[in-house]
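Trainee: Given next are the chains, with one letter for each unit.
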Amino acid sequence: MTETVPPLGKDLVGLERLTAGQILQILDTAEPFKEISERRIKKVPVLRGKTIVNLFFEASTRTRISFEFAEKRLSADTVNISSSGSSVVKGETLVDTARNLEAMRIDMVVMRHGASGAARFLADRIPSNVINAGDGWHEHPTQGLLDLLTIRDHMGSLDGLKVCIVGDILHSRVARSNIYGLRTLGAEVAVCGPRTLLPPMVEELGCHVFPHIEDAIQWADVLNVLRLQLERMESGYVPSLREYNRIWGVTSERLDAAPRDLLILHPGPMNRGVEIDSDVADGSHSVILNQVTNGVAVRMAVLYLLAGGRPEKAEAAKQGAES
Amino acid sequence: MPTPNRIHVMSESDVRRAVARMSREVVERNGGTEDLVLMGIHRRGTHVAAMIRDEIEQSEGVQIDSGSIDITLYRDDLEVVGPRPIVGGSELPTGGIDDKCVVIVDDVAFTGRTTRAALNELGDWGRPKRILLCVLVDRGGRELPIHPDITGRDVQVLEGQRVEVLVPELDGRLGVELIQTETEDA
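Quick mapping for you: the protein sequence lines, in order, are chains A and B.
For my numbering, count along the first sequence from 1 and bump the result up by 5.
For my numbering, count along the second sequence from 1 and bump the result up by 16.
Here chain A stands alone, though its shape is the one from the complex (with noise of 0.2 Å):
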């Protein structure tokens, strides 16, 4: 019948090393995890009596409260630390917070981190499941996980879809997973941004690149709208706010020049009329909203199937962090 797939293993730190098998298991589960967020009592017993430390460095108010309620509505008790108001302002050091949480007997860590390879760094050296919400530019794998759900949910597979990413790709952490995610699951993968704003060697991830915004649109079945991040036009990556949207904005004017309806995602917080007009955002093909609500399935889907599957991985850990 079913194959068997490989166990994700103690964590989840990206999509670039999970096998089509694995991924394709992550968003299976999470199709039944939709159901119970639509009943009354949004709440089943699976994680009951695990501690779960949501470890927010950098600010972020969905995918925190994303994984907060997915841990909840699985049952698991959940404790928030941001880097404000923590002893991290005070200089402890990852290892030392993450062991602290560790003496308090805690079974997950939910981390977000500004530091590219913190999730991985931290993962090496404790026994709790650690979960990547994001850091720095290198992967945020629950995002790339919701979107791909998201885009397959309405296009029924991944396989040869096209699929373009619009923004600023360099120092977008989405972007990457969305990249690993979509290429082993078969979809073309495209980029599409300023030249500034696009890593080096971005081809060698197996993306085609287009430099107009009007070829993409020609080209896609489904574009994902990155976010402008104020702060790359204040170091001088585009020039302004508004000739960005004047060059690469995704407006309804473009979009119906397309050959078909686009599907257009957006991993928030959106800015209205930079990146993505209004209409586009509140429109009929727009699935922003959804993703959203994939979120917190997904979210429950990975906490389930890494709750159970942590032995020898884990008494290694333990081993190397007493020795």
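Hints were generated in silico from the structure; no laboratory data involved.
Note that the structure is a prediction, hence the values are computed from the model and not measured.
Treat the hints with caution; some may be incorrect.
Said to hold, decoys possible - If you want the ones that stay clear, here's a sample from chain A, every Cβ over 12 Å from chain B, calculated:
{"hint": "1", "residue": "40"}
{"hint": "2", "residue": "83"}
{"hint": "3", "residue": "200"}
{"hint": "4", "residue": "223"}
{"hint": "5", "residue": "310"}
Stated by the list, open to error - So the derived list for chain A, only partly shown, Cβ under 7 Å to chain B, looks like this:
{"hint": "6", "residue": "37"}
{"hint": "7", "residue": "46"}
{"hint": "8", "residue": "51"}
{"hint": "9", "residue": "99"}
{"hint": "10", "residue": "309"}
To be verified - Distance ranges between label pairs, derived from CB positions:
{"hint": "11", "chain 1": "B", "residue 1": "115", "chain 2": "A", "residue 2": "122", "range": "37 to 45 Å"}
{"hint": "12", "chain 1": "B", "residue 1": "175", "chain 2": "A", "residue 2": "211", "range": "51 to 59 Å"}
{"hint": "13", "chain 1": "B", "residue 1": "104", "chain 2": "A", "residue 2": "46", "range": "18 to 26 Å"}
{"hint": "14", "chain 1": "A", "residue 1": "283", "chain 2": "B", "residue 2": "159", "range": "55 to 63 Å"}
{"hint": "15", "chain 1": "A", "residue 1": "122", "chain 2": "B", "residue 2": "159", "range": "55 to 63 Å"}
{"hint": "16", "chain 1": "A", "residue 1": "80", "chain 2": "B", "residue 2": "50", "range": "33 to 41 Å"}
{"hint": "17", "chain 1": "B", "residue 1": "112", "chain 2": "A", "residue 2": "245", "range": "53 to 61 Å"}
{"hint": "18", "chain 1": "B", "residue 1": "47", "chain 2": "A", "residue 2": "108", "range": "58 to 66 Å"}
{"hint": "19", "chain 1": "A", "residue 1": "276", "chain 2": "B", "residue 2": "104", "range": "54 to 62 Å"}
{"hint": "20", "chain 1": "B", "residue 1": "187", "chain 2": "A", "residue 2": "87", "range": "29 to 37 Å"}
{"hint": "21", "chain 1": "A", "residue 1": "105", "chain 2": "B", "residue 2": "189", "range": "56 to 64 Å"}
{"hint": "22", "chain 1": "A", "residue 1": "26", "chain 2": "B", "residue 2": "189", "range": "13 to 21 Å"}
{"hint": "23", "chain 1": "A", "residue 1": "43", "chain 2": "B", "residue 2": "175", "range": "39 to 47 Å"}
{"hint": "24", "chain 1": "B", "residue 1": "142", "chain 2": "A", "residue 2": "277", "range": "37 to 45 Å"}
Don't be surprised by glycine CBs; every beta carbon is placed ideally from N, CA and C.
Could you slot chain B onto chain A? The hints should help.
Mentor: Frame of chain A, contents of chain B only:
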């Protein structure tokens, strides 16, 4: 495929007769078909529930509301067995379960833990007027104070044996068999 390790317990017609009797008992216990809801436990329980539903609908000439329960997320052994692929979600009957007479239908009653999980899940969905447990085969071995209200057949299962209910949709035939899991005893 019958092998030397399989012992025949109930034939197709045995199962059909048992289902017919269980269906009558369900209607009798409920005092009719009003507010009756059948909830099959995933996976083979849903097939047994469908047989009972068809039988009641034919004999009584009414539509019976039904649904299914996948108890995966209510198991108490995640720590032991680890997560398993979730095959199907639960389906609430269209009319809900509040103030209904809910009949939980499963293929085999064994430890009672599946029923315990199903009861918990039903409790999260609403407040039925009454819940009955109906199983095709009761093999004994309960680990919880749970007892079926309606049983197709009691089957004695020796150590090293496992009882299997076969349904056409999954196994290509209908019947109940005992399987010898420890070959040296066979």
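Trainee: Work down the list of hints and note, for each, if the structure agrees.
Mentor: Results of checking the hints against the structure:
The beta carbon of residue 40 of chain A is not kept farther than 12 Å from every beta carbon of chain B, the shortest such distance being approximately 5 Å. No beta-carbon of chain B is positioned within 12 Å of the beta-carbon of residue 83 of chain A; the least distance is around 18 Å. Distance to chain B confirms residue 200 of chain A as a non-interface residue, since its nearest Cβ pair spans about 44 Å, more than 12 Å. With a least beta-carbon separation of about 39 Å from chain B, residue 223 of chain A lies farther than 12 Å from that chain, consistent with its non-interface assignment.
Against chain B, the non-interface label of residue 310 of chain A is violated: not every CB pair exceeds 12 Å, the least being about 5 Å. Interface restraint check for residue 37 of chain A: the shortest CB-CB distance to chain B comes to about 3 Å, inside 7 Å, so the restraint holds. Annotation: interface hint on residue 46 of chain A holds; nearest CB of chain B at approximately 5 Å, less than 7 Å. With its C-beta approaching chain B no nearer than about 4 Å, residue 51 of chain A sits inside the 7 Å limit, and its interface hint holds.
Annotation: interface hint on residue 99 of chain A violated; nearest CB of chain B at approximately 28 Å, more than 7 Å. With a cut of 7 Å, the hint placing residue 309 of chain A at the interface with chain B holds, because the nearest CB-to-CB distance is about 5 Å. Hint check: residue 115 of chain B to residue 122 of chain A, Cβ distance near 56 Å, so the stated range 37 to 45 Å is violated. For the pair residue 175 of chain B and residue 211 of chain A, the beta carbons lie near 57 Å from each other, so the given range of 51 to 59 Å is met.
As the Cβ distance of residue 104 of chain B to residue 46 of chain A is approximately 20 Å, the hint placing it in 18 to 26 Å holds. For residue 283 of chain A and residue 159 of chain B, the hinted distance range of 55 to 63 Å is satisfied, since their beta carbons lie about 59 Å from each other. Remark: the range hint 55 to 63 Å for residue 122 of chain A to residue 159 of chain B is contradicted by a beta-carbon distance near 47 Å. For residue 80 of chain A paired with residue 50 of chain B, a C-beta distance near 35 Å keeps the hint of 33 to 41 Å intact.
At about 56 Å, the CB distance of residue 112 of chain B to residue 245 of chain A agrees with the hint of 53 to 61 Å. Separated by about 60 Å at the C-beta atoms, residue 47 of chain B and residue 108 of chain A satisfy the suggested range of 58 to 66 Å. Judged by the Cβ atoms, the range 54 to 62 Å given for residue 276 of chain A and residue 104 of chain B is violated: they are separated by roughly 41 Å. Roughly 54 Å separates the CB atoms of residue 187 of chain B and residue 87 of chain A, a value that falls outside the hinted 29 to 37 Å.
At about 60 Å, the beta-carbon gap between residue 105 of chain A and residue 189 of chain B stays in the expected band of 56 to 64 Å. Between residue 26 of chain A and residue 189 of chain B, the C-beta spacing of about 32 Å breaks the proposed range 13 to 21 Å. Distance hint for residue 43 of chain A and residue 175 of chain B: a CB-CB separation of about 44 Å, consistent with the stated range 39 to 47 Å. Our hint of 37 to 45 Å for residue 142 of chain B and residue 277 of chain A holds, since their Cβ atoms are close to 41 Å apart.
Checked against the numbered hints listed earlier, the structure breaks hints 1, 5, 9, 11, 15, 19, 20, 22; every other hint is satisfied.
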